[in-house]
Amino acid sequence: MMARQASRRRVLKGAFAVAGAALVRAGTAQPAAEPRVIEMTAHRFSYEPNEISLRAGERVVVAIRSLDFVHGMNIPDLGMRLDLVPGRVTRLELQPKAPGTIDFVCDNFCGDGHEEMHGRFVVSA
Amino acid sequence: MQRRDFLALTALGGGAVFASGLAGCASRADGINQTDFYFVQLSDTHWGYQGPANPDAAITLRKAVATVNALETPPEFIVFTGDLTHTTDDPAERRRRLAEFKSIVADLKVKTVRFMPGEHDASLDRGAAYKEFFGETSYTFDHKGVHFIAIDNVSDPGAKIGDEQLAWLRADLAKLDKQAPIVVLTHRPLFDLAPKWDWATRDGAQAVELLMPFANVTVFYGHIHQEHHQMTGHIAHHSAKSLIFPLPAPGSQPNRTPLPWDASAPYKGLGFREIEAEAAGSALKVVELPVVRA
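Those protein sequence lines, which keep their order, are chains A and B.
Note that our numbering has the first sequence beginning at 1, numbered continuously upward.
Note that our numbering has the second sequence beginning at 1001, numbered continuously upward.
Excised from the complex, chain B in its bound form (with noise of 0.2 Å):
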């Protein structure tokens, strides 16, 4: 079976497809494709907490690596973009859940995985505890003519990515052709989403600014626990589902206060998502699955 086939019979099952608009990809000139590829994001599993929004809490993010290691085609690599934790005052506390949470996740078969913090993870220490298992909280890798950019908008606790990582992705952009295939991974939204609920980066539309020079820029990002795909420019920015619980739509209600546990279909709202990089001419493909697939 091809991998394009198996995302639609995937998508038949898990979730909705859709086109954003990342193409650019170079095929070798022998006719093999070497750039197709695809990787998973999870995102905000807030391992720790406990509360009635999810009563299950204690082994939903277990249910998500088995269901991610029970995927047909293996993911080349696998993203979180933050709120790994749920937040603590206590920073052994915090350590333990950090801990707890690496733990977890080692069980996933696929080892190339990348982390991020969210400001659940991040935020009342800046990022000493996360960094301590996790490493530096912005970074840059390449994966097969796609460049990835990590960025930390949440160490700050006031939603800054802050000068000197501006700089720095300053610099990393002028290392790059005006054509070439970004993808930004962030945890909060880096355009005003909705400031009133705290859906922002203060300074994220510097961000936005620096990447707007170039053709192919995606972001996916986490924070708001639901999925929701927007444009600034030219640049789509798509944001992922929670595995602890969903929140409702930006701006639906006066609070943001989470969508109750549905006992009768648990982990309604929740899951993850397949991002499939194609060859040139193409665009990322987007694939969005259940914690647990039938």
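Isolated chain A, as found in the complex (with noise of 0.2 Å):
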């Protein structure tokens, strides 16, 4: 199960592109397509919209406001954590490879409901 688990990681990771380097293409004459936005809140106690459709190979930015708490974004699938911090937009960019689900979860503990504070993103071929 451990192994299997463990493997499934490394899938996910391998699937996904994320975050500003890997965003670049060095030495490419045509600029790259402008990322789609994806506009996201977290608010106590969920994240808006929660669940995140993307298509495989497709660049995307996700723009997250924070309303009210230092919320956290955690993707333990991709290794990588975000604090949200309220009056500001946190840019998460994303180019997932290869269909698959990835959670996040929200990691600052923000009150009577955090354990219910949570969302994913869906890859489709």
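For the record, the hints were derived by calculation from the structure and aren't laboratory data.
You may find that some hints are simply not true.
Only part of the chain A face toward chain B is listed, based on derived beta-carbon distances under 7 Å [what the hints assert, rightly or not]:
| id | residue |
| --- | --- |
| 1 | Pro-76 |
| 2 | Asp-103 |
| 3 | Val-105 |
| 4 | Asp-107 |
| 5 | Asn-108 |
| 6 | Phe-109 |
| 7 | Gly-111 |
| 8 | Asp-112 |
| 9 | Glu-115 |
By construction, the Cβ of each residue, glycine as well, lies at the ideal position given by its N, Cα and C atoms.
With the hints as a guide, dock the two chains, each given alone in a separate frame, to form the complex.
Below you can see the structure in the form of structure tokens.
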């Protein structure tokens, strides 16, 4: 079971190019197409939307605004996490390469309901 | 009746017994063993919780106190590994819950009781209210040759121990022999049990790394509302049952929602444990007990 989970984590990590450098196309004459921007809000105790559909190979930027608390956004399968500071827009760049599901969870304890604050990216072919 | 026999009997009636790898308690040269002792761990009482996962929440803690008081051999001390109260945004209500909790557990006959916060007690105000009632959130003490270290991984809402506390831990460990028996008490798992459910400590690996050079380390924690046993190298980690509602096994379902209350078996999945430290060459023994014993 553990081996299967570890294997799945590796597959999922390989399926995503994440943030910044992964999106730079050095030496490419043609500029990359602008990524699709997906607006998200975080507030006690949910992300809206909390399920985001993506297509494999698509570049997206998730622009996240926290309304009330420094919520966390932990994406264990990608080995990354963010602090979502109110008053700022936190940008998460993703480029999924293969179908799959990636869960995310608030990992800054935010009150009675923190345990229900989670969501997922669903990547289709 | 010898303490060992008593444990065997309670194991039959109360739960599983197993041995972890804590060894090294010294015996006196004259053969009189002064290092045998046991203590009780209670966890996640969530005083103030109201909800369908435990319609009996107003009296479950009192029943557990009565059960501990009725133990044939009283423990030498008791530890509460966090989430004494259920969280609230209202600072006055938080203090009221802490005060009520403290009043209820004052009925424990054993008066040496060690407390720790959980995130429900401490994360929203960084431990301010908790400290008013129970003092420091991290500390050490020694008992009959065993060194106990309480690590706070909840006062930071990001589930971090923090550099300052890690430095404190490093300095404390530097005073110990590498063979010293060490028990770590904490609330969250120090390893990545289930990060998707926030069952982890963000910098817990640094604490484990500091503990690794020591041969006899055992960690007791709470947070996940169930018994769970895992090794990181030679270090054993044992989570305790809750006294409010059980949670599902890590990763066994999509979300970490409480297991439903079973009216035909009240308190199912709840309980506390005894932990016995024996003499040289033996292991810590853990006995799981229910809230109410038949």
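Hint by hint, here is what the structure shows:
Proximity of A:Pro-76 to chain B holds as hinted, the smallest CB-CB distance being about 4 Å (cut-off 7 Å). Nearest Cβ of chain B to the Cβ of A:Asp-103: about 5 Å, under the 7 Å cut. The hint holds. The restraint placing A:Val-105 at the interface with chain B holds, with a minimum CB-CB distance near 6 Å, inside the 7 Å limit. Given the 7 Å rule on beta carbons, the hint for A:Asp-107 holds: about 5 Å separates it from the nearest Cβ of chain B.
Look at A:Asn-108: its Cβ gets to within about 5 Å of chain B, closer than 7 Å, so that hint holds up. With a least beta-carbon distance of about 4 Å to chain B, the hint placing A:Phe-109 at the interface is held under the 7 Å criterion. Given the 7 Å rule on beta carbons, the hint for A:Gly-111 holds: about 6 Å separates it from the nearest Cβ of chain B. Taking 7 Å as the C-beta contact cut-off toward chain B, the hint placing A:Asp-112 at the interface holds, the least distance being around 5 Å.
Because the smallest distance between the Cβ of A:Glu-115 and any Cβ of chain B comes to about 6 Å, under 7 Å, the interface hint for this residue holds.
The structure meets every hint from the earlier list without exception.
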